Amino acid sequence: MSAVEAEAPPAAIRVSKLTKSYGDVLAVNRLSFSVPEGTTAALLGGNGAGKTTTISMLLGLLLPTAGRVSILGVDMLKRRYDALPRMNFSSPYVDLPKRLSARENLMVYARLYGLRRPGRRIGQLADELDLTAFMDRPSGTLSAGQRTRLALAKALLNEPDVLLLDEPTASLDPDTGDRIRSYLEAYRDTRRATILLASHNMAEVERLCSRVMMMRAGRIVDQGSPAELIRRYGRANLEDVFLDIARRRRTGDTREAAA
Amino acid sequence: MSAADARVAGTRGPIASWRRLQAMVLRYVYLYRGSWPRLLELTYWPTLQMVMWGFLTIFLASKSGFFVQAGGVLIAAVLLWDVLFRSSLGVSLSFLEEMWSRNLGHIFVSPLRPGEFIAALTLMSLLRVLIGIIPAALLAIWLYEYSIFDMGLPLIAFFTNLQVMGWSFGLIVCGLLMRYGLGAESIAWFAIFAIAPFSAIYYPLTVMPDWLQWIAGILPSTHVFEGMRAVLVEKTFRTDLLFNAVALNAAYLTVSVAVFLRFFRSARERGLILQIGE
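If you read the protein sequences in the order shown, they are chains A and B.
One point on numbering: in our numbering, the residue at position 232 of the first sequence is 232, and numbering is uninterrupted.
One point on numbering: in our numbering, the residue at position 139 of the second sequence is 139, and numbering is uninterrupted.
No lab work stands behind these hints, which were simulated from the structure alone.
Note that the coordinates shown come from a computational prediction; the quantities given were computed from them, not determined experimentally.
Mixed in with the good hints there might be a few duds.
Away from chain A, derived, C-beta distances all over 12 Å, residues of chain B [what the hints assert, rightly or not]:
#, residue
1, TRP142
2, LEU176
3, GLY181
Derived Cβ-Cβ restraints for the label pairs, each shown as a range [said to hold, decoys possible]:
#, chain 1, residue 1, chain 2, residue 2, range
4, A, ARG120, B, GLY13, 29 to 35 Å
5, A, TYR93, B, ARG262, 20 to 26 Å
6, B, ALA196, A, ASP173, 53 to 59 Å
7, A, THR141, B, PRO14, 35 to 41 Å
8, A, ASP178, B, GLN275, 29 to 35 Å
9, B, ALA194, A, ARG120, 26 to 32 Å
10, A, ASP178, B, ARG262, 18 to 24 Å
11, A, ALA144, B, ALA194, 51 to 57 Å
12, B, ALA184, A, SER182, 25 to 31 Å
13, B, GLY13, A, GLY123, 25 to 31 Å
14, A, ALA66, B, GLY13, 31 to 37 Å
Beta carbons are placed, not taken as given, at the ideal position from N, Cα and C, and that holds for glycine.
Kindly produce the complete structure, drawing on both the sequences and the hints.
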């Protein structure tokens, strides 16, 4: 073991040869990656690349056809309930009950996660995520941006060690989006939390992530830090890299990094 | 103690399970507290049915010696049938609430285990039945001077068996909903009615042809309604019928939990949980 390897933080998320097929359709194809503890990584790719499928398998909402997922050292296929109290997620594909107020929703989930002082934690999150003014309004009456912040508050209730975020700043105006990104950075650094996000917001990924995995057709076609990828592709920013990779699909270029 | 353990009150053991169960019940209490149509729906049908059949009982009692002798047999049948129907519906509607609100993804990645979710659904079903049936039963005392509570302890046995049978049907419906999505929603409403003609609710088992009696015999509800008539007409409590109902219910509940868990796994294999929605 090299000195660098010895000093590297342990992987909070470890995925090995993860595969999901629906009949003949291969949605995720032998995906392998790891995310070190206390870092933020991103899954990037166009629609249908397999990002949400991958996150669903990490959460245990979707059973893989083959492969392994370990989170915080727990085999998610065998003992997921040992890891779930220390994880959380938000996704635009899953709502909170619309008839319940923001406070009621958070109270229910605070109790599901077994929080010792739910009221205090909810008040703290409401304050930090600027939710206080509409905590007693039904969630269904909130704007898209307010709902996104509420979903984030739910994802942070149990102060998770691993946070999986699908489009975390979707529907947020630039100012609020920027504040949420700062909040997530601070949360990661103070809690030494591990964040894996799927996003189409390249500026967000460049800012938050130390590692980016570019996905296409269910595979990781390239990966590295944002700076490495930008340099490797000779582009000005990550968005251009993304377009480069997405468009190679059409030109048939099959350059793929070892996953 | 790890940092995570300090933040949360533990995630294993019966106390943790009870807390999660309470959380799910709280979720439905919040829902009903903020929705008067849902509350109205709980009591509307049981009361309406009881009023209608109560007047029919009064009419028949004036024409038939049987109904004079067995006063309230129809009202009791109506109320107990509603226990079964509401119990099944209570499970499946609570589950449907999660599907309508696209909330299942959050629930299934929380520490709530499937067994705890099933327990929450059944507990909510019991609460829904009590909220629906008790006002109707009290109204029957006022309107017809008939108290189903006069049945005494056998009533608890009948109620419990029908409640448990309703849970079994409800859990199977939930499984079908997970597998087939909201397209199967109407099953929640009509599934239990499929067994109504064979459950000997309003007429004795002997009315049916022999081959149908065999089918009726494998339904716990048949033994409950036969037992109810024995109490009301013959003034005897048939323990043999109770034993049959309990044994069948044990089998039904075991199978229904297995079916629910199998469909849950199937939904996870097929990636259906995130797709379920309004």
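Hints breached by this structure: Hints 4, 9, 10, 11 and 12 not satisfied by this model.
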